[in-house]
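With chain A held as given, fit chain B onto it using these hints.
Heads up: the sequence lines are chains A and B, in that order. Under my numbering, think of the first position of the first sequence as 1, with each following residue one higher. Under my numbering, think of the first position of the second sequence as 1, with each following residue one higher.
You may find that some hints are simply not true.
[Stated by the list, open to error] Sample of chain B residues with no beta-carbon within 12 Å of chain A, all distances over it, derived:
(1) D79
(2) I218
(3) P260
[To be verified] Listed below are the simulated EDC-like cross-link pairs for lysine to aspartate or glutamate, each with C-alpha atoms no more than 20 Å apart in a straight line:
(4) B:K285 to A:E18
(5) B:K47 to B:D79
(6) A:K65 to B:E411
(7) B:K372 to A:D75
(8) B:K224 to A:D13
(9) A:K65 to B:D27
(10) A:K72 to B:D27
The set of hints was computed from the structure by calculation and includes no laboratory data. We treat Cβ as the ideally placed atom computed from N, Cα and C, and that holds for glycine.
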Amino acid sequence: MLTIVNKFYIEADVLSYEQNAELQLAFKEKDIFIKEVYSEKTEDSNYTIVYRISTNYPDQSEFIKNLLDLFKEYDNYNLRFASYEEIV
Amino acid sequence: MSFKYQNEITLNKDVDFKLEFKSKPLDFRINAVIHDGQWYDIKKWAKVSMCKVEDIHKFIEENKNILITKNDSYRVDYDEVLKWYKENNLSLTENIVPNNFTPKLWAGKTETEHFELTPKRIISSVIVTCKNNDVLHKVRSIVHGYGRIQHTHGDRYNIYTSNCFFVKDRILSSLTEEEKKYISVRTRSNFKWRELSDFSEEFLSEALRFYVVYALGILKPHQKTLDIFLPNREDQTSQIYDWVMTAMQKFDEEAAVPFPGYLSNVLSKWPYDLPDLFLGRELAKFQRDRNRALTRLMQEDGQEIFEDEIIAQEMNYEIEFFKEMKKADEQWNAFNKIQKLEWEDNGNEKSSISVFEEESSSSHSDPFFSNKLSLSILEAANETKDFLSFYNIISQFGGEIDMSKLKVSDEFKDSLRTHLF
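Chain A extracted, bound-state conformation (with noise of 0.2 Å):
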């Protein structure tokens, strides 16, 4: 087996899809690109929602400040980093 962790993910806890719709309009509006959404609901009725997200920007500069913000905006959502072990 091939381990490989090379992705980038963000996990977030919402109450409802509907905070993670608002979260994913937030992305959006900071140019920052979901590449997949995965999520799973939780003993106390949260959702943990992980999104892999494009680290192809043109300005990495711009991409980190951007992602800043809306680390500092969306702060009650534990906005985190998380990685992954895909097996292979």
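What follows is chain B alone, placed relative to chain A:
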């Protein structure tokens, strides 16, 4: 899927192709756009042709004989499309206009002509919601010969008829008082509707084949919603067929706009109906109300766990009803999780389809600390502009980081420490 079909559904957005198109003579560009047989208003026609509006006005003046006009929109007919492609020695299956489809010529007509020749008709309907199969069976026999009954979703049925009031009276006068308890009957009069059976079979089959694939592209932003409510791929495809067919029934041919534009528009909205459709309005409303109430409570109290009584009070729900809905919600979620088990085509269970495998080094352990650490990493990256260190650090991110083992610059480490502690 045939090669021809793949060619039809492909939009060429290549930059070189755009430049090549722009370098073609003005007359060719204007002709190439209008000869896909779709409706164009002058502004859009000019935009797609990459020319000025005045150029289009001039073209219209000089080519009135080939143009069909309606509501300030223009198109050409099937014969004219074929004639122009033949005169210019062009293939009908090859993209010649950037971002446009090849001409949709099905069953001897353009798509636009099929819709024009299959206009919507004014009809009425009786909307029946019935929770009892025996009563429903009786309703079917009552309306037999007076209207066509069609299941829409859940317990809801539409009876298409020429006189909805007559059919409603007939249903209500034929049912007993006891039977009426299980049914609600509403009328909707004088609206326009198109029956799919009015289309030619060949057109319908070609159009569905094309637009279901087209819809898959349009629905990509809603893929996760589809996965939640329709975990089975076959169910998703059926739903997409249903949406495309409904759009074909509702599309107003008199508006002189292209059908793909209309379909894109409705497909951006209809997936939002899925929660109501699959959860039922009551449960969908409960979920929305509870989420709003929890958000309010968390903002007010700063806590994250609340007793059912407090949430119910915030939602203005009776506690018994709240508990009943909560149970229904839990059952739905449990059922949904079972449905989500996926299998490979070869029958082997997928090795790692979910990112929520226990082996994954996700940051589930302490989201608050992970959030603080993530924010500090971003601050450090923003400050140092050392993006290589940034990607190195987050590729190993599991909520806790041993900086001594990380391949990050000293400058980045210093900045991270400053922001973190």
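Against the structure, the hints:
At roughly 45 Å from the closest C-beta of chain A, the C-beta of D79 of chain B stays outside 12 Å, upholding its exclusion from the interface. No Cβ of chain A approaches the Cβ of I218 of chain B within 12 Å, the least distance being about 17 Å, so the stated non-interface status holds. P260 of chain B, annotated as away from the interface, keeps every beta carbon of chain A farther than 12 Å; the closest lies near 23 Å. Restraint check: the Cα-Cα separation between K285 of chain B and E18 of chain A comes to about 12 Å, which is no more than 20 Å; the hinted pair holds.
Taking the CA atoms of K47 of chain B and D79 of chain B, the gap is about 25 Å. The hint is violated against a cut of 20 Å. Distance hint between K65 of chain A and E411 of chain B is fulfilled; the C-alpha atoms sit about 18 Å from each other, no more than 20 Å. The hinted pair formed by K372 of chain B and D75 of chain A meets the criterion: a straight-line CA distance of about 9 Å does not exceed 20 Å. Annotation: proposed proximity of K224 of chain B to D13 of chain A holds, straight-line Cα distance about 17 Å (limit 20 Å).
Proximity of K65 of chain A to D27 of chain B is assessed by CA-CA distance (about 47 Å); at most 20 Å being required, the pair is judged violated. Between K72 of chain A and D27 of chain B the CA atoms are separated by roughly 54 Å; this puts the pair beyond 20 Å, and the hint is violated.
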